[in-house]
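Dock chain B against chain A, hints included.
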Amino acid sequence: MIQLSINGEAKAFAAPLTVSGLIATLELTGKRVAIERNGEIVPRSLHAQTQLADGDVLEMVVAVGGG
Amino acid sequence: MSDVFQIAGKTYNSRLLVGTGKYKDFAETRAAIDASGAEIVTVAIRRVNIGQNAGEPSLLDYLPPSEFTYLPNTAGCYSADDAIRTLRLARELLDDHKLVKLEVLGDPNTLYPNVRETLKAAEVLVKEGFDVMVYTSDDPIVARELEQIGCCAIMPLASLIGSGMGILNPWNLRLIIEQSKVPVLVDAGVGTASDATVGMELGCDGVLMNTAIAAAKDPVRMAYAMKLAVEAGREAFLAGRMPKKLYSADPSSPLFGMIGSK
Chain A
25 MIQLSINGEA KAFAAPLTVS GLIATLELTG KRVAIERNGE IVPRSLHAQT
75 QLADGDVLEM VVAVGGG
Chain B
83 MSDVFQIAGK TYNSRLLVGT GKYKDFAETR AAIDASGAEI VTVAIRRVNI
133 GQNAGEPSLL DYLPPSEFTY LPNTAGCYSA DDAIRTLRLA RELLDDHKLV
183 KLEVLGDPNT LYPNVRETLK AAEVLVKEGF DVMVYTSDDP IVARELEQIG
233 CCAIMPLASL IGSGMGILNP WNLRLIIEQS KVPVLVDAGV GTASDATVGM
283 ELGCDGVLMN TAIAAAKDPV RMAYAMKLAV EAGREAFLAG RMPKKLYSAD
333 PSSPLFGMIG SK
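So the protein sequences, as listed, match chains A and B.
For the first sequence, the numbering used here gives the first residue as 25, with consecutive numbering after it.
For the second sequence, the numbering used here gives the first residue as 83, with consecutive numbering after it.
It should be emphasised that the hints constitute simulated quantities derived from the structure, not laboratory data.
Predicted model, so just to flag it, every value in this text is computed and none were measured.
Ideal placement from N, C-alpha and C gives every residue a C-beta, glycine not left out.
One thing to keep in mind: the hints can contain errors.
[What the hints assert, rightly or not] Using 25 Å as the maximum straight-line C-alpha spacing, the simulated SDA-like pairs for lysine to any residue come out as follows: (1) 180(B) <-> 54(A); (2) 55(A) <-> 167(B); (3) 180(B) <-> 142(B); (4) 55(A) <-> 143(B); (5) 104(B) <-> 57(A); (6) 55(A) <-> 174(B); (7) 104(B) <-> 147(B); (8) 180(B) <-> 62(A); (9) 55(A) <-> 108(B).
[What the hints assert, rightly or not] Far from chain A, by Cβ distances over 12 Å, these chain B residues were calculated: (10) 117; (11) 160; (12) 209; (13) 327.
[To be verified] Chain A is faced by these chain B residues, among others (derived, beta-carbon under 10 Å): (14) 126; (15) 246; (16) 248.
Chain A with its partners taken away, still in its complex shape (with noise of 0.2 Å):
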């Protein structure tokens, strides 16, 4: 198991992981959404090899209404 930071929640999960696994994971396959990795993005063409590792911190954004 590793423990994630997720938008400043922590939840464990099965490892190894991948971004692309999480997404799978937290349900957003196909969503229009940018993660930042302990400070860095991780750009989309890279979330399928990105492993994730125990206490990292990741934030997840999507566009939202806004002025």
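Using the frame of chain A, we list chain B on its own:
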């Protein structure tokens, strides 16, 4: 009659930019934006609600990026670092999209911009290749520094965000318009159509608004009013208003040929 409006090298027909917040639902958002004729729409970047919105429609379903130019903002950011991170995420989210609205706030009550943090963020973002439209105070010196940094549009407030108080300092706006070589847009404070017209008559290149439309009783109708107001103000500016004549009138009808005259 060509009257070209360009931002960061791209030409637009509409000088009205609108936000997408505070609407009843996405259908109303879409209807209002269609009525406004806006081509550039601002969006906010927020955390995914994990587990709560799978399958829900998203803003992008109603406003496809293929039809509109998105202007992701940094609303709610109080530091240069947060604003920079937010816009890097926006660029990733929107497929290497470079046009952004930078705003760094300094106070939760007035939402007045923190110009020191704004300047800091602008420098980094311009270096990273972003096209930065920047929300700022109506201080002409700050506006000039933001232009020198390389921002592609200067967007001073007319009054506080969401206040609907209109254009409180037309003189400062004029100072900024006079000195700027990049587009100047009124951002924040417009309350009704005449405010937008006044801004355009002053020589602004465009107006950005959200609440004035979304918080109107009939947002779709107000969106249309704003479209007309921005167009009217622009046309009046280009036409050049008559000089003001103080202390005396000037009749519009001939003085000769009155009945009963000899």
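Quick rundown of the hints versus the structure:
1. 180(B) <-> 54(A): Measuring from Cα to Cα gives roughly 22 Å; hence the hint holds.
2. 55(A) <-> 167(B): Judged against 25 Å, a Cα distance of about 20 Å means the pair holds.
3. 180(B) <-> 142(B): Roughly 18 Å separates the two Cα atoms, so the pair holds.
4. 55(A) <-> 143(B): 11 Å, holds
5. 104(B) <-> 57(A): OK: residue 104(B) and residue 57(A) at ~22 Å, within 25 Å.
6. 55(A) <-> 174(B): 13 Å, holds
7. 104(B) <-> 147(B): 20 Å, holds
8. 180(B) <-> 62(A): Distance of about 23 Å is within 25 Å: holds.
9. 55(A) <-> 108(B): Satisfied, since the Cα-Cα distance of roughly 17 Å is no more than 25 Å.
10. 117: Given that every Cβ of chain A is farther than 12 Å from that of residue 117(B), nearest at about 16 Å, it holds.
11. 160: 16 Å, holds
12. 209: Holds, since 16 Å exceeds 12 Å.
13. 327: Check passes; 40 Å lies beyond 12 Å.
14. 126: Holds. Min distance 3 Å.
15. 246: Where the cut-off is 10 Å and the nearest Cβ of chain A is about 13 Å from residue 246(B), the hint is violated.
16. 248: 17 Å, violated
Comparing the model with each earlier hint shows violations of hints 15 and 16; every other hint is respected.
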